[in-house]
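Starting from the known structure of chain V, fit chain S onto it as the hints suggest.
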Amino acid sequence: MNDKTKSSPTGNDDQPAAYWNPYAAGVLLGATLLASFLILGAGLGASAGPARLGAFLEQCVLPDHVAQSDYFGAWVEPGKSLLSYYLVFMFGGVFVGGLLSAVLARRIQPGVERGKAFGAGPRLTLALLGGVLVGFASRMANGCTSGQALSGGAMLLNGSLVFMVCVFAGGYAAAWFFRRQWHD
Amino acid sequence: MIETYFGADQLGSPRAMVAALLIGLAFGFVLERAGFGSSRKLAGIFYFKDMTVLKVMFTAVITAMLGLSYAFALGWVSPDQVYALPTVYRAQVLGGLLFGLGFVMSGWCPGTGAVGAASGKLDAMVFLFGAVIGSVGFNELFGALRAMGLLPAAHESGVVGEPAEPQVAFGLPRTLFALIFTLIAVGAFHAAEWIERRTAGGGSQRGGPVLKAVSIAMVVFAVALFLIPAPAPSAAGAAGPSLGDLLQSIESAEDHLEPEELADRLMSGEPDLVVVDVRSPAEYAAFHLRGAIRVALPDLPAALESHKNRGVIVLYSNGMTHPAQARDALALLGFRNVYLLTDGLDGFVERCLKPVSLRNEPLSPQQAAKVRAWRAFFLGGSQPGPAPSPPPPPPEAAATAAAKAADRIPALVDPQWLAPRLNDPNVKIIDVRAQPKYNASHIPGAISLNPESVRGVVDGVPSMLLPADMLARHLSNMGIRPTDSVVIVHGNSPDDAELGNGLRDATLVGMALERVGHRTWSVLDGGFWRWASEGRPVTAELPKIQPVPYPVPSQPDAFTVDARFVAQRIGDPSTVILDVRPAEYYRGEKSDEARAGHIPGAVNRPFKQDLGQGEQFKPLDELEKAYQALIPSKSTLVIVHCRTGHQATQTFFLLRRLLGYAQVKWYDGGWTQWAAQSDLPVAK
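Note that the protein sequences, when read in sequence, are chains V and S. Everything in the first sequence is counted per the numbering used here, starting at 1 for the first residue and increasing by one. Everything in the second sequence is counted per the numbering used here, starting at 1 for the first residue and increasing by one.
Chain V with its partners taken away, still in its complex shape (with noise of 0.2 Å):
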């Protein structure tokens, strides 16, 4: 779909960069993660850092309910900050990282992602809700696509790999009632 350019924002001459061929692109991710691996000693990850965020401004709140939580409260350290932590400075990496390459292929597109058919107003209330339940089933599963399924998944852990199908089990199960939003 690299070819639907229809809100090229950055001037009508300079389309973005095409993407890269999936199987290349599905390489060089394969091998950050191998450095990750190989470096680090631990996988990617992405949904800790939504997560810690959150520990992070709910503790401004209420930082002693924050301390004593059953979840959270094992993240508190004294005189440590809840974001000091490896998987934020990874998230704000893939944040940056994706900034850089989206400038560079000229695909800054602001706006919201939807079919034609499909309202902003309820294409957001959906993405609002699905941010709710990916937040709640990256802790309980103790990670996302990333350090789950990709991750995980790459040490061949069963626990990963059953992850892994369960996510398309529940996004196959569900994919009829959300249709619409693509619908142009």
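Bear in mind the hints are in silico, worked out from the structure with no lab data behind them. Note that the structure is predicted; figures quoted are calculated from it, not measured. Heads up, the beta-carbon is just placed ideally off N, CA and C, and yes, glycines get one too. Misleading hints may appear alongside valid ones.
With a cut-off of at most 20 Å between alpha-carbon atoms, the simulated SDA-like pairs for lysine to any residue come out as follows [unchecked claim]:
id, chain 1, residue 1, chain 2, residue 2
1, S, 437, S, 447
2, S, 618, S, 628
3, S, 49, V, 180
4, S, 437, S, 541
5, S, 49, V, 118
6, V, 80, S, 13
7, S, 212, V, 31
8, S, 608, S, 629
9, S, 544, S, 439
10, S, 49, V, 179
11, V, 80, S, 14
12, V, 80, S, 15
13, V, 116, S, 49
14, S, 49, V, 169
15, S, 308, S, 296
16, S, 49, V, 173
17, S, 308, S, 280
18, S, 49, V, 115
19, S, 49, V, 174
20, V, 116, S, 47
21, V, 80, S, 9
22, S, 212, S, 227
Covered stretches of chain V (in silico footprint by chain S; criterion: 3 or more residues with CB under 8 Å from a CB of chain S, positions within the stretch not fixed) [said to hold, decoys possible]:
id, segment
23, 45 to 58
24, 98 to 105
25, 147 to 157
Just chain S now, with coordinates in the frame of chain V:
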């Protein structure tokens, strides 16, 4: 070998943060180039319109999986350097289903959401906001979810309840699973291409030649993985592990006891050895190592409190995992003398109890005899039924005393301990002070023994501990039976600086007992002087002695080593040669021998440095620290020596019996013998 930030416990360091940031940068860049800054593209997989997600993700998983497999197989990095998420199926199934629902609703996941937000997508920003809310919501509901049983107690770190561990490859060999997984992926790529050709809106990103190249490369690498020889089971290999491997295992602080060594030590009835079976009562009842006690994991600290940092505690289960966790937990409680049985009971059965006839490798007649002896000891006789009570007594007369588990004799006893046992016929006292002092007054019942009488010229070397048969005759004349507990009493008041009759005399006589296999002996802490100064009873009356037979052990002792043994280990980083002579002798400034100096690579720790007042050891905590600085781990091979072997017995006793070093050897010949052999190297 690569050391990762995780392996070095440095994931929280600023450098790791920078590394994570850079890796994230590459991650985000590739995601964007793959097209994952678009939710429409991401959601496309759920409508069979755009299979890019499958292609990119599966390619990445297989690439990293094969890379990691090679890194493990070629020994670039050890698996314990890479953090593996624990397997908690319930949480991962429920979480996966919910995640899939959220994914298809929003068209984003956390990583791609960040890239989408960077690309200016408002829906991605809203999605990330939702993810923050969802994370907070999880925290708030965590307790309730656990109460409802939706989350196992051991979520994430496995700190609570049943430990959660990573499980890999569904029990298949890693190489086989890797190949199957790769073939599934290549199949899925071609299926995805076919799907996209069928659906009109199809992906514009056809694989083309790249797909062909990637498919072939993946399969080739997955197959070639089978050709890499499995890394030699170095730590377990009895033949001779390489130095690097040994160092590695020492560095990773794996305090293991090899099955063969445990078998020998159990058979010899070593008194301060506690072997603990942590399996279920049923498994214990079915079979356990003779002499092992069963303790449930939660009860370990309480049950082992009396053995804390005294002697050696060995934990075993069928494998290694549970005892390792128990060992770590005990270490947190300050236990420093806990060891694991290498490869657990399974390894023990395989290496010690497997019949000679079933073995692939040929055994020497000595090895075969050893295996038969082990089998007779550990398999012979009926295992006790469901009553996991004290271990059955070993058959050897010399070892039966050790079986009195309830009355195990500590390495050092106080006058307070000895006083009520003066009339115990099973407790014998040996007084090693000079004859005139003994004649003047001694502990009632104590038998006098000149420590020099256990030494003599052996094979031309002076002052060597006598052979076992001669020592057994000594014991027999003193009326000491193999089952007796022996308390050795030395002399010297704190202000009595004269040579001799110190703690080392007691330990020298103890060495003689060790040589005949008599393990139930201890030293009276503070010696006669402390006994007398506490106003305890003394007498000048000589005891009546009834000679008894004392059997001669059939095998030589396992702790005495000769010059050849020592010479072979010079420069071996997994061995510490400990020279306990006074520093000026070590430095070669003083010498009573033809050559002055020390054995190359030997470390100096004068035996006197271990003593405080009145021929008593300094506080053990202090000594523990001092030796930690000299010896890498409790399982390191330590060779102690001095000039004639005398002073070294004190250090031997300290390391082996009080500090729990598992492999301490004694070079009896010492500098007297070494200096006289001009072909042996000397350093100054």
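Structure-based check of each hint:
A threshold of 20 Å between alpha carbons decides the hint, and for residue 437/S with residue 447/S the separation of about 13 Å falls inside it, so the pair holds. Under the criterion of a C-alpha separation no larger than 20 Å, the hint pairing residue 618/S with residue 628/S is consistent with the structure, at around 15 Å. For the hint pairing residue 49/S with residue 180/V, the CA-to-CA distance comes to about 14 Å; that is within 20 Å, so the pair holds. Using a Cα cut-off of 20 Å, the hinted pair residue 437/S and residue 541/S holds, with the two alpha carbons roughly 13 Å apart.
A distance of roughly 18 Å separates the Cα atoms of residue 49/S and residue 118/V; the hinted pair therefore holds under the 20 Å criterion. Restraint check for residue 80/V and residue 13/S: the C-alpha separation of about 12 Å stays at or below 20 Å, so the hint holds. Under the criterion of a C-alpha separation no larger than 20 Å, the hint pairing residue 212/S with residue 31/V is consistent with the structure, at around 19 Å. Of the supplied pair hints, the one linking residue 608/S and residue 629/S holds, its CA atoms being roughly 17 Å apart against a limit of 20 Å.
Only pairs whose Cα atoms come within 20 Å are accepted, and residue 544/S paired with residue 439/S is accepted, the gap being roughly 14 Å. A C-alpha spacing of about 12 Å is found between residue 49/S and residue 179/V, which places the hinted pair at or below 20 Å, so the restraint holds. For the proposed pair residue 80/V and residue 14/S, the alpha carbon gap of about 13 Å is at most 20 Å, so the pair holds. Proximity of residue 80/V to residue 15/S is assessed by CA-CA distance (about 16 Å); at most 20 Å being required, the pair is judged to hold.
For the given pair, residue 116/V sits about 17 Å from residue 49/S by alpha-carbon distance, which is consistent with the 20 Å threshold. Taken as a hint, the residue 49/S and residue 169/V pair is honoured in the structure, with Cα atoms around 17 Å apart against an allowance of 20 Å. Between residue 308/S and residue 296/S the CA atoms are separated by roughly 17 Å; this keeps the pair inside 20 Å, and the hint holds. Pair hint residue 49/S plus residue 173/V holds up; C-alpha atoms about 16 Å apart against a cutoff of 20 Å.
The suggested pairing of residue 308/S with residue 280/S is violated, with an alpha-carbon distance near 23 Å, which exceeds 20 Å. For the hint linking residue 49/S to residue 115/V, the alpha-carbon distance of about 14 Å falls within 20 Å, and the restraint holds. As the CA atoms of residue 49/S and residue 174/V are separated by approximately 16 Å, the hinted pair is consistent with the 20 Å bound. Taking the CA atoms of residue 116/V and residue 47/S, the gap is near 17 Å; set against the 20 Å cutoff, the hint holds.
With a CA separation close to 17 Å, the supplied pair residue 80/V and residue 9/S stays within the 20 Å bound. Between the alpha carbons of residue 212/S and residue 227/S the distance comes to roughly 23 Å, so the proposed pair goes past 20 Å and is violated. Residues of the segment 45 to 58 of chain V with a Cβ under 8 Å from some Cβ of chain S number 10, which satisfies the need for three, so the listed coverage holds. Three residues within the 8 Å Cβ limit are the bar, and the segment 98 to 105 of chain V against chain S gives 6, so the coverage statement holds.
Residue count for the segment 147 to 157 of chain V with a Cβ under 8 Å from a Cβ of chain S: 11. That meets the three needed, and the coverage hint holds.
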